[in-house]
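*Asks:* If you want the building blocks of each chain, they are given just below.
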Amino acid sequence: MNPNVKFKADRMTPFQARRKWLTAFAAGAGSLALAGCDRAVNNPRIDATLRSAEKLTLASQRLILQHQPLAKEYGERDLSPVFRANGSMMPQSKEYAQLLQGKFVDWRLKVDGLVARPQSLSLAELKAMKSRTQITRHDCVEGWSAIGKWQGVPLSQVLDLAGLKPGARYVIFHCADNLGETADDSGLYYESIDLLDAYHPQTILAYMMNGQDLPVAHGAPLRLRIERQLGYKQAKYVNRIEVADAYSHLNGGKGGFWEDRGYEWYAGI
Amino acid sequence: MTTARMPSGTIPRAAPARKQLLPRHSALVRLTHWINVLCFSLLLMTGAQIFNAHPRLYWGEYGADNDHAWLSIDSLQNGSSVRGVLHLGSLTFETTGLLGASKDEGALAARGFPSWLTIPSYQDLAAGRRWHFFFAWLFAINGAVYLIAGLVSRHFRRDLLPTTSELAPKHLAHEVVTHAKLQFPKGEAARRYNVLQKLSYMGVAFVLLPLMVLTGLTMSPGMDSAFHVLLDIFGGRPSARSLHFICASLLVAFVVVHIVMVLVSGVWNNLRSMITGKYAIEVDGDAQ
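Chains P and Y, in that order, give the protein sequences. In this text, residue positions in the first sequence follow my numbering: the first is 1, and each later residue adds one. In this text, residue positions in the second sequence follow my numbering: the first is 1, and each later residue adds one.
A couple of the hints might just be wrong.
As the list claims (entries may be wrong) - Per label pair, the in silico range of CB-to-CB distance: (1) Y:L271 <-> P:L63: 35 to 43 Å; (2) P:G30 <-> Y:V264: 21 to 29 Å; (3) P:L63 <-> Y:N66: 34 to 42 Å; (4) P:Q92 <-> Y:V262: 39 to 47 Å; (5) Y:A126 <-> P:D112: 24 to 32 Å.
Unchecked claim - Computed far set for chain Y versus chain P, every beta-carbon distance over 12 Å: (6) R30; (7) R56; (8) L57; (9) T118; (10) L138; (11) L217; (12) V267.
These aren't lab readings, by the way, just hints derived from the structure by calculation. Just so you know, even glycine gets a beta-carbon here, dropped at the ideal spot from N, CA and C.
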């Protein structure tokens, strides 16, 4: 054995030991800190404090959005070459399969709740109404963006047709797709917005995308476009619009499928 | 010290250098500094959590899976094993263990940044966003207080704005060389920030941190509707997201250098000055 190597090895031992100890200490301290963070994340009181920031965000964005500025609209050349579909791609129910097979001729959009004249509208009736076309950016909560061209009925027209009753504050969208388990056991996607967003000129019930009938993966036959909020608010496969004074009676009580899973009700950021 | 080499007794009046405690940082600077430390740490780690939901970065007005990403952290599944790969432009790096695939409860799992860099340590985008936005508010308010107070009290003009002579290339070169040799100003010169400190603090306080706020706001569809100009400045939401990431990386680089400098230029003195406000400098014994 080379004595130099042995000498070297002997000399290194205390360093190695110290280094090992330091590494172990750092790893221990690190995992303690991380465990502390995870515990803090799961602490209901801390969680409630952190959620106060959402109210601040909503209040300040309401302040700058009260005059209903429009989301930026793009040109045809800005369209995403491929618009990524996300969430449900194909509702699983037998009813949906039948409606799809019948090209949605038998499909109806119900409008009920706090309205003077409940509605049951066919796709043809919706398409006969005055439409709006807009090329806008879709922002997913995950961080990606896609630009698409949407054509549909402004939600305000549909709401005015039904006539809001006093006390109406929220518009709830009930959908045909089942993305996961929900408290009411239906497993159906739902979303809710308030009247300020409901009456925004760019808030439309879209039946066309990029110049064609809305594809199944993007919510055929009808989806919501609410251009100043994130993707999970853009409910797909909408078949019932409920006007209500609250949304707390539904499922987890947070006003939407993803909201019940911890995401903000106000998705303007 | 030159006095130490002289035979004792030959110069009786030569007194040894002594330390003098001087006021260094105002209470407001100290308070906002430590709030900033808390906010930056949490924003960075919750930011890594949010990034992990879609570990790809783009330029332009749109960017999703089918579009070209200038940076992506990919997790390549091969049967039951997973490999982590970082794509940066046309370069590819194997990053298994750190990026794209890292240990999660003992086994390699697919995730962008490793669990020890994210809050919470497990994948939870909703919680990451909740924490990020809370501390973003605190960070922005804290930063606004710092900036307004620094302007009103003339702290920026007095302590951070470099003088013309400090910006002379010769002086800058001299500072870079002495910093590289880890030689730091002593005595009178230590009363003020040196020019490299001034420039880096100004770059952080007036460029990088405000850019973090602005690029962060540009990712909000609500803000974009109210201020289309944000999209014009940064060239789109995906670009703003990229710049948010780049500025955060530059801030991490600043923090690393900052901490090294704190450590090598007198860690206890530096820490004391940012806690109690008092900073010790060496003055000649007979100087008053």
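*Asks:* Return the numbers of the hints above that this structure violates; sort them in rising order.
*Replies:* 4, 7, 8, 9, 10, 11
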